[in-house]
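Q: Residue numbers (my numbering), protein chains in the order written: chain A, 8 to 362; chain B, 8 to 362.
If you are wondering where the hints come from, they were derived from the structure by calculation, not from laboratory data.
Accuracy of the hints is not assured; some may be wrong.
[Stated by the list, open to error] Think about it this way: if two alpha-carbon atoms lie no more than 25 Å apart in a straight line, the pair counts; the simulated BS3-like pairs of lysine-lysine are:
#1 A/K126 - A/K102
#2 A/K270 - B/K126
#3 B/K127 - A/K287
#4 B/K270 - B/K361
#5 B/K313 - B/K270
#6 A/K26 - B/K168
#7 B/K32 - B/K18
#8 B/K301 - A/K127
#9 A/K301 - B/K168
#10 A/K168 - B/K34
#11 B/K260 - A/K127
#12 B/K32 - B/K20
#13 B/K126 - A/K308
#14 A/K122 - B/K270
#15 B/K168 - A/K32
#16 B/K102 - A/K127
#17 A/K301 - B/K127
#18 A/K270 - A/K361
#19 B/K126 - A/K287
#20 B/K57 - A/K126
#21 B/K49 - A/K168
#22 B/K287 - B/K321
#23 B/K57 - B/K361
#24 A/K308 - A/K287
#25 A/K26 - A/K49
#26 A/K57 - A/K361
#27 A/K270 - B/K122
#28 B/K344 - B/K321
#29 B/K26 - B/K168
#30 A/K332 - A/K287
#31 B/K344 - B/K330
#32 B/K20 - A/K49
Remember, it's a predicted structure, so these values are computed and weren't measured experimentally.
Number of protein chains: 2
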Amino acid sequence: MKLNEYLNEYKAKINDAIKSIYDRKLKNINNTFLRDYYSELKDYFLAGGKKIRPLLCIGTYNAFNEKKDERIVFPSVGTEFLHNASLIHDDIIDKDNFRRGKPAFHFRFRNYHEKYNLKKMIATDFGNSIGIIGGDSAFFLGLEAYFHNDFNRELNLNAIKYYEEAFIEIANGVLIETDMVNQTNLALSDYIEMVSLKTGALIEKSILIGANYARATEDCINDLSIYGINLGIVFQIIDDILGTFGDETVTGKPTDGDIRENKLTALKLTALDNLDNSNKIRLTELLENPNMTKNDVQEVKDLFSKADAVDSCKKLADKYYQKAKSSLDNLRPSITKSEAEFFESLLNFVVERKF
Amino acid sequence: MKLNEYLNEYKAKINDAIKSIYDRKLKNINNTFLRDYYSELKDYFLAGGKKIRPLLCIGTYNAFNEKKDERIVFPSVGTEFLHNASLIHDDIIDKDNFRRGKPAFHFRFRNYHEKYNLKKMIATDFGNSIGIIGGDSAFFLGLEAYFHNDFNRELNLNAIKYYEEAFIEIANGVLIETDMVNQTNLALSDYIEMVSLKTGALIEKSILIGANYARATEDCINDLSIYGINLGIVFQIIDDILGTFGDETVTGKPTDGDIRENKLTALKLTALDNLDNSNKIRLTELLENPNMTKNDVQEVKDLFSKADAVDSCKKLADKYYQKAKSSLDNLRPSITKSEAEFFESLLNFVVERKF
Chain A
8 MKLNEYLNEY
18 KAKINDAIKS
28 IYDRKLKNIN
38 NTFLRDYYSE
48 LKDYFLAGGK
58 KIRPLLCIGT
68 YNAFNEKKDE
78 RIVFPSVGTE
88 FLHNASLIHD
98 DIIDKDNFRR
108 GKPAFHFRFR
118 NYHEKYNLKK
128 MIATDFGNSI
138 GIIGGDSAFF
148 LGLEAYFHND
158 FNRELNLNAI
168 KYYEEAFIEI
178 ANGVLIETDM
188 VNQTNLALSD
198 YIEMVSLKTG
208 ALIEKSILIG
218 ANYARATEDC
228 INDLSIYGIN
238 LGIVFQIIDD
248 ILGTFGDETV
258 TGKPTDGDIR
268 ENKLTALKLT
278 ALDNLDNSNK
288 IRLTELLENP
298 NMTKNDVQEV
308 KDLFSKADAV
318 DSCKKLADKY
328 YQKAKSSLDN
338 LRPSITKSEA
348 EFFESLLNFV
358 VERKF
Chain B
8 MKLNEYLNEY
18 KAKINDAIKS
28 IYDRKLKNIN
38 NTFLRDYYSE
48 LKDYFLAGGK
58 KIRPLLCIGT
68 YNAFNEKKDE
78 RIVFPSVGTE
88 FLHNASLIHD
98 DIIDKDNFRR
108 GKPAFHFRFR
118 NYHEKYNLKK
128 MIATDFGNSI
138 GIIGGDSAFF
148 LGLEAYFHND
158 FNRELNLNAI
168 KYYEEAFIEI
178 ANGVLIETDM
188 VNQTNLALSD
198 YIEMVSLKTG
208 ALIEKSILIG
218 ANYARATEDC
228 INDLSIYGIN
238 LGIVFQIIDD
248 ILGTFGDETV
258 TGKPTDGDIR
268 ENKLTALKLT
278 ALDNLDNSNK
288 IRLTELLENP
298 NMTKNDVQEV
308 KDLFSKADAV
318 DSCKKLADKY
328 YQKAKSSLDN
338 LRPSITKSEA
348 EFFESLLNFV
358 VERKF
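If we strip away everything but chain A, and leave its shape as in the complex, we get (with noise of 0.2 Å):
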């Protein structure tokens, strides 16, 4: 089964363990501000999201099972809580005020404070406010994937520590990725250990939970587990292509934050890698500059294109690409058609996507 058609079968079905974990709260509830809460949060969850994350703990799961069971659902939906709490915190953290082309989570709340006219507090502080108990909420509820489900206390508790070590690594990460801006001289390895934990720890967990949940064999979970790091290192290559040289139509984002925020992009590393001396002391000026114009951004993407660095990158990406085929070529005889066709659809999409 391709990406496409797993989603089409498992969509709704994700959709409605979301719900049903919101619902659960809901139905306790008089207090009309917690209701509106809670109902926003929901919708969020609901709005967008490709829910890659639970699609790839049911696909593990039903890789180790010739017969489909449809327990894996619910608790596959954990990591899609973990997932969009730390996007409703990344989004206070760097002031994105949309997400997937709605209101980011804080900005909803921002709007709320100035639809109802609310005292004391400013509506910005209480959009942040809003959010940050917000992004906690989701962490929080994400828990309950794993409480109520037909698995026994053993798995579920072997799921939560996963959970818990998804999301250490995720966090250290963004910690080093943001100490990196101040740092100069960083190497190849540099970037892939940093994309592997902040983007590449919570798709392997995501996988190795439905493994967990599958009893699959160690050396199953050794495979699966390269396979999902490298799924995330490309998935987060592509990502920073697009970030600059993607279509903001279709990504839903401006093209120059990451330059503006002097991220270390796989972009950067590589014309930094490509470019003469000279005009790698301009592309450090330009990037090092707080207040970068129009013109500046628009410098740094021309000296990227003088580096091909979007060739560069997709070299590497590719590099990433085959580990993750070897490994799941390892995995073949272990796993049912299917869901191999599936693992190897998704990784295609995402070298492929244009969003």
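Dock chain B against the given chain A, drawing on the hints supplied.
A: Using the frame of chain A, we list chain B on its own:
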């Protein structure tokens, strides 16, 4: 054993358990910034706080075991992580730069930014960003208290459920409190519901986690729950008094915060109840002003005094003190003498405390 003796017996052990959770993380980290991050979190946890939540968990466990065993110390620190994580986020939300007379967690990283003269992001944003992630990390690290201990998986999964419930209830309490600023005609029952969640829930859950590991009976759990929530209510009422009429040099907190934020405190509630109509209107008018002067704050305090609000609050606290005490009396036949003394002395401490 009285509270003080309990604290003497366990404080170092509790701190060791907290340390070991951080040291487990630090052991595998080479990145300088990450090391600084976890070291700062560890220091924040060890720098202060009365460790009442771990003590309650330990005390409850011991109450059902004639022979003390040290296994309970490690899982007892989970709710201390939850408590500190909430404080880290609260201080960002309330823009409080100090906590327990020391820099708040986000403020430490604002200073860190200035010390190392970091690039791009401004110091305030850097501090808030690391603070948001810091609170998140602490929420997750608390789960490790339930992974690495000598109890079985079933008991640990139960503890994690209490951990999650505690957060959801705290968040609901904080959200209801935030919304109350915009509500009128609030009754005592609204206040009690809010503080039961905001303050009572984590105290109650710390106790129930201890009871879970001790496999206490349903009847005992019921009485422990009532004791815990009412202890929390008493704690909050006294906190409200100290927040406005306490000695700043002892509490470490300015005495105008609650008034300026127009929080629904026990003082505000009882004052509105006791004052005549014209004074009531004046009090509301003063509290709703978003730009209060020092004189306005003083006038509010004078109206509180005129209404005998402190005395009324103490009477109110006594009502919930009696409820906690009566649950404790129900428990006496089932629990050890030494721990009954601990529960009683803690209840007395909470009423009599000046900080």
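Q: Against the structure, test the hints numbered earlier, and report the numbers of the ones violated in rising order.
A: 9, 20, 28, 30 and 32
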